[in-house]
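Protein chains in written order, with our numbering: chain A, 1 to 275; chain B, 1 to 207.
A portion of the hints provided could be inaccurate.
Label-pair distances were calculated between CB atoms; the ranges are [to be verified]: (1) B/113 x A/52: 28 to 38 Å; (2) B/46 x A/200: 43 to 53 Å; (3) B/33 x A/112: 31 to 41 Å; (4) B/207 x A/76: 50 to 60 Å; (5) A/199 x B/132: 43 to 53 Å; (6) A/199 x B/189: 30 to 40 Å; (7) B/132 x A/92: 18 to 28 Å; (8) A/102 x B/130: 26 to 36 Å.
Here are the computed lysine to any residue pairs in the SDA-like style, where the Cα-Cα straight-line distance is at most 20 Å [as the list claims (entries may be wrong)]: (9) B/55 x B/169; (10) A/242 x B/192; (11) A/242 x B/32.
Derived by calculation from the structure, the hints in this document are not laboratory data.
For clarity, every value in this text was computed on a predicted model and none was experimentally measured.
C-beta: ideal position from N, C-alpha, C; glycine also.
Spelled out, the chains give:
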Amino acid sequence: MTCAASANGRGGANSAQSQISAPHVEIQLLAEQKAIRPGRTLWVGLQFQLPSGWHVYWQNPGDSGEPPKVKWSLPAGLHAGDLQWPAPQRLESPSIVDYGYPDGVLLLAPIRADSTVSPASAVPLQADVRYLVCREICVPGKANVRLSLPVQSGVAAWNADAHALFEKTREQLPKPAPAAWRIRAQSQGNYFVLSIATGKPEGQGVFFPLGPGEIENAALQKASATANGIEIRVQKSDQLLKPIARLRGVVEFGGGRAYEVDALVAASGARGSTK
Amino acid sequence: MNVRRLNLAAGLTTAAILLTAALAVFAARVGETAPDFTATDSNGKTHHLADYRGKYVVLEWHNNGCPYTRKHYESGNMENLQREWTTRGVVWFTVISSAPGQEGYVTAEQENQYMQQMHAAPTAALLDPSGDLGHLYGAKTTPHMFIINPEGVLIYDGAIDNRPTPDASDIPGAVNYVTQALTEAMAGRPVSVPVSQPYGCSVKYAH
Numbered sequence: 001m002t003c004a005a006s007a008n009g010r011g012g013a014n015s016a017q018s019q020i021s022a023p024h025v026e027i028q029l030l031a032e033q034k035a036i037r038p039g040r041t042l043w044v045g046l047q048f049q050l051p052s053g054w055h056v057y058w059q060n061p062g063d064s065g066e067p068p069k070v071k072w073s074l075p076a077g078l079h080a081g082d083l084q085w086p087a088p089q090r091l092e093s094p095s096i097v098d099y100g101y102p103d104g105v106l107l108l109a110p111i112r113a114d115s116t117v118s119p120a121s122a123v124p125l126q127a128d129v130r131y132l133v134c135r136e137i138c139v140p141g142k143a144n145v146r147l148s149l150p151v152q153s154g155v156a157a158w159n160a161d162a163h164a165l166f167e168k169t170r171e172q173l174p175k176p177a178p179a180a181w182r183i184r185a186q187s188q189g190n191y192f193v194l195s196i197a198t199g200k201p202e203g204q205g206v207f208f209p210l211g212p213g214e215i216e217n218a219a220l221q222k223a224s225a226t227a228n229g230i231e232i233r234v235q236k237s238d239q240l241l242k243p244i245a246r247l248r249g250v251v252e253f254g255g256g257r258a259y260e261v262d263a264l265v266a267a268s269g270a271r272g273s274t275k
Numbered sequence: 001m002n003v004r005r006l007n008l009a010a011g012l013t014t015a016a017i018l019l020t021a022a023l024a025v026f027a028a029r030v031g032e033t034a035p036d037f038t039a040t041d042s043n044g045k046t047h048h049l050a051d052y053r054g055k056y057v058v059l060e061w062h063n064n065g066c067p068y069t070r071k072h073y074e075s076g077n078m079e080n081l082q083r084e085w086t087t088r089g090v091v092w093f094t095v096i097s098s099a100p101g102q103e104g105y106v107t108a109e110q111e112n113q114y115m116q117q118m119h120a121a122p123t124a125a126l127l128d129p130s131g132d133l134g135h136l137y138g139a140k141t142t143p144h145m146f147i148i149n150p151e152g153v154l155i156y157d158g159a160i161d162n163r164p165t166p167d168a169s170d171i172p173g174a175v176n177y178v179t180q181a182l183t184e185a186m187a188g189r190p191v192s193v194p195v196s197q198p199y200g201c202s203v204k205y206a207h
C-alpha cells in the first residue's frame with residue numbers, strides 16, 4: 001500500500017568543502033483508506049522521518065530554510081488539495097529563529113475524486129517532493145513517492161495504522177478560532193500587539209506568522225495573560241517598510257492547543273477588528 | 001532596552017534572548033544610513049566602510065558549504081555578478097560570519113584558495129568569525145545581500161533573487177534583485193524591490 005523513498009542530498013565534488021554527510025531521510029506516502037471512492041475525498045499524507053537532531057520546515061520557514069514542496073501527478077478526475085501544516089516549533093539558533101518540525105512531520109492532503117471517476121483495480125498516485133533538512137548544516141533532497149489504490153464505490157476500509165496516525169496529526173493542526181473569540185491586532189511603534197480573548201486567562205502563547213518578513217522572528221515574544229485571554233507583543237521586522245493590513249498566522253497556547261489567527265491590524269490607539 | 005533592568009537571576013537563556021532583541025533594534029534598515037564598520041579581509045587588509053563613500057557597496061553573506069551558496073557559486077552566477085559589478089566600479093564584499101568549528105568557517109588561506117578555485121571576483125572577502133559584522137547588519141542567511149549607495153544609505157536588504165531554492169536550474173529566468181536594484185539606482189530610479197525575504201541556510205554564528 002505504501003511506498004517509501006529514501007533520499008539523499010546531492011553531493012557536489014567540485015566545491016572546496018563538499019564533505020556533507022547526507023542524513024537518511026525517509027518519506028512515505030500514506031493513505032487513510034484502502035480505496036478511492038468516486039465523489040468522495042481520500043486523505044493522504046506525506047510522512048517525513050528524519051534522524052534525531054534534523055528538522056524540516058513549516059510553510060513559513062522563518063529566518064532561514066525552505067518548506068517542503070510537493071507536485072502531485074494524479075490520474076484524470078482526482079484533485080489534490082492544500083497540504084495541512086501542524087503547528088510548528090520555534091527552532092532557535094544564535095540571532096535566528098526558524099519554524100519547523102524536529103525529527104519530522106506528517107503533512108496531510110485531501111485527494112478529491114470526481115463522481116465520474118470509473119472503478120478500476122489500481123490507479124497510481126504520485127508526488128514529487130523537494131525538501132530541505134537542516135541540523136547545523138542543511139541538505140536539500142528530492143523524492144518521488146507513489147501509491148497504488150483501487151477505485152470503487154461503496155465502503156472503503158481504513159488503513160488502521162495510517163488512520164490512527166492521521167487522527168493524531170489532526171489534533172496538531174491549528175483549528176479555526178472559535179467565532180466567540182475576540183482577536184485584535186494593534187500596531188504600536190516597533191511592535192504588533194495581538195490580543196486574543198478566549199474566555200479564560202491563557203498562561204502561555206506563541207505566535208507563528210504566516211507571512212515572511214513581518215516580524216523579527218528571533219526577538220523575544222512577550223506573552224501576558226489577561227482576565228479573559230492573552231496579549232502577545234511581537235517585534236516588527238526591520239524589513240517591514242510598509243504597514244501590513246492584516247496579521248495572519250497561528251497561535252499556540254501550549255499543550256498542543258493551536259489556532260489560526262487572522263486579524264486586521266489597527267493603528268496605535270484605534271481599535272482592531274476581528275475576523 | 002534597558003539592560004540594567006535585567007534580573008540576573010533570570011538566567012542565561014533569557015539574557016541571550018533579550019540581547020538578540022536589543023541587537024535587532026540597531027540592525028541596518030533600508031532607507032537609513034548603513035552602519036559603519038571596520039573589517040579585515042583574507043589578505044589582511046583593513047576596510048572601513050566610510051572610506052567607500054561615493055561608491056556603491058554590495059555585501060554578500062557567504063558559507064561555502066551551504067547548498068544555497070553553492071547553487072550560486074557552482075553555477076558561476078555569483079562570480080559573474082561580482083565580475084560584472086566590480087568592473088562597473090561597485091565595491092563587492094563577500095562576508096563570512098561562520099564561527100570557528102561551524103560550517104563555512106575558513107582561514108584566510110582557505111578563503112583565498114577557494115576564491116581562486118571558483119574564479120570568484122569580489123573586491124575582498126571579509127572574515128567575520130566573531131559575527132560582529134553579521135549581527136550589525138542582521139544577516140540571517142547565506143546568501144543574504146545588502147546594497148549601500150554612494151551616499152552611504154542602505155538601498156537593498158534581502159535575497160539574491162526571487163527563486164528561493166537550492167537548484168541551479170532555477171537561476172535562468174529568475175529576477176536577480178541585486179542586479180535590478182543596482183541598475184535602477186544607477187539610472188536614478190527608485191529601487192522597485194528594496195527589501196525581500198532572504199533565503200538560504202542560517203548564518204552559522206558563534207553559539
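Now for the hints, and whether the structure bears them out:
1. Take residue 113 of chain B and residue 52 of chain A: their Cβ atoms lie about 35 Å apart, and the range 28 to 38 Å holds.
2. Look at residue 46 of chain B against residue 200 of chain A: about 59 Å separates their beta carbons, and that is not inside 43 to 53 Å.
3. The hint said 31 to 41 Å for the Cβ distance between residue 33 of chain B and residue 112 of chain A, and at roughly 55 Å that hint is violated.
4. The hinted window of 50 to 60 Å between residue 207 of chain B and residue 76 of chain A holds, with their beta carbons roughly 53 Å apart.
5. Taken as a hint, the range 43 to 53 Å holds for the pair residue 199 of chain A and residue 132 of chain B, whose Cβ atoms sit roughly 48 Å apart.
6. As the Cβ distance of residue 199 of chain A to residue 189 of chain B is approximately 53 Å, the hint placing it in 30 to 40 Å is violated.
7. Checked against the hint of 18 to 28 Å, the pair residue 132 of chain B and residue 92 of chain A passes, with Cβ atoms roughly 20 Å apart.
8. Separated by about 28 Å at the C-beta atoms, residue 102 of chain A and residue 130 of chain B satisfy the suggested range of 26 to 36 Å.
9. In summary, the hint linking residue 55 of chain B to residue 169 of chain B is not supported, as the alpha carbons are separated by about 33 Å, beyond the 20 Å threshold.
10. The hinted pair formed by residue 242 of chain A and residue 192 of chain B meets the criterion: a straight-line CA distance of about 13 Å does not exceed 20 Å.
11. Restraint check for residue 242 of chain A and residue 32 of chain B: satisfied, since their Cα atoms lie roughly 15 Å apart, inside the 20 Å limit.
Hints 2, 3, 6, 9, counting from the list given before, are not met by this structure.
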